[in-house]
Amino acid sequence: MNLFFSMESGKLTRRELLQRLSALAGGLILTGPISGCEGFWQREPAIPVDSWHKGVCRFCGTGCGIMIGVRDGKVVDVKGDEYAHNRGRLCIKGILNREILYVRDRALYPMIRRNGRLERASWEEAMALVAERFREAIDRYGPDSVAFYGSGQLFTEESYTANKLFKAGIGTNNVDGNPRLCMASAAAGYISVFGKDEPMGCYEDIDHATCFFITGSNTADCHPIVWERVLDRKRSRPETVIIVVDPRRTRTARHADYHLAIRPGTDVALYNAMIYEFIRNGFIDQDMVENYLTFREGNAERTFEDLKRHVARYTPERVAPVCGVDARQIEEVAYLFAASEATMSIWTMGLNQQAQGTAANRLINAMHLLTGHIGRPGATPFSLTGQPNAGGGVRDTGALAHALPNGRVVANPQHRAEMEDLWGVPRGRISPKPGYHAVAMFEAMARGDLKCVLIMGSNPAQSLPHAERYREAMQRTFLVVADAIYPTETTQFADVFLPSAMWVEKGGVYSQSERRYHLVPKLVDPPGEARSDLEILVELADRLGYGELIKARTPEEVWDEWRQISAHSPYNFAGITYERLKKERGILWPAPTEDHPGTCRRYVPGEDPMAKGTGRFDFYGRPDGRAVVYLEHQRPPSDPRSDEYPLTLVTGRVYEHWHTLTITGKLEELKDITTDFLVVHPRDAHRYGIRDGEPVLVESRRGRAVLRARVSTEITPGVVFAPFHSPEALVNRVVNNTVDPISKEPAFKESAVRIRPASSAA
Amino acid sequence: MIRLQHMLLTGLLLGGSGLAWAAGGETPGITSAELFRIIGVVAALLGIGWLVVSHWVLRDRLPRTFYHWAMLLGLFALPALALMGAVEFVFEETKTVASCNSCHVMEPFVRDLQDPHSATLAARHYRNKWIPENQCYACHTTYGLHGSFEAKRDGLRHWLRYVTRSWDEPIQYSGSYPNINCLNCHGETDAFQRVPSHGALMADLQADRVACTSCHGPPHPTPPERTRLLSAAPVHSSREMP
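Protein chains in written order, with the numbering used here: chain A, 1 to 762; chain B, 763 to 1004.
I should point out that these hints are in silico values taken from the structure, not numbers from a laboratory. We treat Cβ as the ideally placed atom computed from N, Cα and C, and that holds for glycine. Errors might be hidden in some of the hints.
Unchecked claim - Each pair of labels, with its calculated beta carbon distance range: (1) Asp-105(A) to Tyr-935(B): 33 to 43 Å; (2) Arg-15(A) to His-817(B): 54 to 64 Å; (3) Asp-50(A) to Trp-929(B): 16 to 26 Å; (4) Thr-989(B) to His-208(A): 14 to 24 Å; (5) Val-852(B) to Thr-593(A): 53 to 63 Å; (6) Glu-290(A) to Thr-951(B): 29 to 39 Å; (7) Ala-839(B) to Gln-42(A): 34 to 44 Å.
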């Protein structure tokens, strides 16, 4: 109170009062920002953060840049990175990155199965046992008795190291992983057409396209931030056409100008009909045909005239009843595709996960090549990847059974020799025999041919088709499972469990759909005794006696080795250093030098540093510099419908959840978002006595699952849909395990089933 | 005497309404800012006239009581009204897009807002007339007295920063955006409520721990886009826009 009264008299003149009140007011204003009154003077964040760090989302292949807020050694907040391609946007999974490290069931310590139960062990015990069993198997049954099953969610450094350890160290090509289940057909399509894998376009093309042909992709739910960019294009230019081909009226399809509710597995017929229409209406780019294309049917040479005769059998009228769509609609859509200024196709699992996945991919690429909708801003055939690092980590490093790094293949002796030289191992170390692809790997486990398998960052006991068969197979094998979450469906079958770090508990490079390599920084410590997958692989290499081979031991060392190896290939990203990755929002390869800004459009001279000449294109992946248009026939269904199994089951995702729910299933926010449902058309519901909300039994030639019926017209009659997320429902027991003959990707989207109320099955 | 007073009061009324009519001019519907400006100007002019007439011209001819009341009116009441008009005018005028745009740093935001091809949230709300007027203020002021206070406080801080040139580019939104500004219009709609994610995140949305713009943004051009916009053609005042 002394402030307001003079000390001597205890009284205050009016002048003094005014002076002091003024001083007080001035003081409040001036000191507010520096004396803890910030909240009064300025808006404060709802979540206090000590420091923000640039990173990348843990989830899908969109690969959004995020800013990660850390406080007291914990991730407390995330927000979209305004400087990244996603312009600050995130979906719900992106936002929930801030919670995923702290979900329940984080794996804390190694475990060894004793007397049928997994019991806590030390890292020393666990790794000694793993090394002993692997060594024993290799010595007794040969290198091909062991295998690695990886994931598109490991960092590039981890997949690269595993691939090198198994192929150049142990000497087996039994390296595969979950990307085989989602991307293999897209990869096989690109490789057979362009000679090299990965899309030639980029996200920026979305801003220039005037027609989007979205087929087999529920972009709105599964790549939400890519979808927002598509919508932005529509918002900026409302006359932009969106065509969606999907048996379901998904959220994507609801925004479309044209929705073709195609019958699953009939894509090849539809695209052939569209090519027929392109030819009939004079939309063929003659310059492309004469100078940049060759034609093939299987391995046989063909000509454009052969293609004309081939597609003459696929008129819209003939194709319409096969695909279950209107012939007139096919004509319109073909016209819009070809006549637009720039058409961009977008696709993913819907196209890839069928028995003719590679053929469908080849035809999509052919549609663009034949009409010249390629290599210009907005004109590109663009496949989306599902996982955050299936492209860079697995496809580019060649961590697949048939592949070697940077687009090389095991079957090619020259490719093997190149890699043996680059890895500094003796000629002949890499086995000439391609390894087991994903489904074959689990078949080999069922036969007992595989003795030891290391599974990292994946949950095949739930994600494989015909799951029950392979769950039994896993039981017969010495299974080592490394995961950040315990338990999962797969850990039930583990003989050794290793706890691994997740996301920013370790550092490394991710990629995404547009060939962008970007960095996830290590920001916090992993819980308990968890270690990064790279540390686990390096230790395994040491214990198996391949320490000399695996010289690079930190993410940065591995990356440096890897980018220098890439310089000996058209993937050349030697210019993408860790220094740049720390500063920049990722870089699109090729980027051969440190001052190269990255490449938006491949194969275009002037844009792509690898492309030579001054022509429109240099398809340098092909020996003759020409891309290949394949003549493909529609084959009968791989799992035919019959009176016994009259419906087709397709599987997919919901917006909020991720894969097998190991992470998102534990988020409190998402506990009410159910995933154990089956969408049935009212006509089919009526026919089979299904009531909305009641349990329904789905049966196929392979197995059965009980789901909750969701009766809705959002699906085509004759088709039912279920998300594959729920471990309890485990719909993959029912799903078709036929694989595409070329890509070996399973036909998840083509399973003949029957349905009936679960109550009647009791 | 009585007639003199009547004449003075009549003059006051006529002058007031006459000035108001003149200030109103041909504009049939006037904005509240203009109305307050008119009130302020009229009160000030009347006050001066009233003082001159009643103090210097008619002082001796007016009864003492009437003179005292006249002084009260001329020295205090009309100036108070003029002050109120001025304050309200500034209060209302600073709600306009043009007012926000008067600071150079806001140009890229306003240019984007008025770009008929922009896909930002702000531009879509603007061109579709989802918010018919004072578009900046509408989204940047929380409902109620507290909201107005915050907005004016922010405005004062921004102005101080601007005139003292003490801001850092790129400018950033400080704190967490109050989602209630979005939810006031969208929260009760069917389109909002049928989205499962909104239900899942409701507690976070209400506490501003997740911004609506996280998924539905960007509300404005991002910093790199703003740099590009700054080098584009000069921006128009909002009043010139259709």
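Cross-check of the supplied hints:
Taking the beta carbon of each, Asp-105(A) and Tyr-935(B) are about 37 Å apart, inside 33 to 43 Å as hinted. The hinted window of 54 to 64 Å between Arg-15(A) and His-817(B) is violated, with their beta carbons roughly 29 Å apart. About 23 Å separates the C-beta atoms of Asp-50(A) and Trp-929(B), a value consistent with the hinted range of 16 to 26 Å. Distance hint for Thr-989(B) and His-208(A): a CB-CB separation of about 21 Å, consistent with the stated range 14 to 24 Å.
For Val-852(B) and Thr-593(A), the Cβ-Cβ distance of about 57 Å falls inside the hinted range of 53 to 63 Å, so the restraint holds. Our hint of 29 to 39 Å for Glu-290(A) and Thr-951(B) is violated, since their Cβ atoms are close to 56 Å apart. Between Ala-839(B) and Gln-42(A) the CB atoms are about 38 Å apart, so this pair conforms to the stated range of 34 to 44 Å.
The structure fails hints 2, 6 (numbered hints given earlier, in ascending order).
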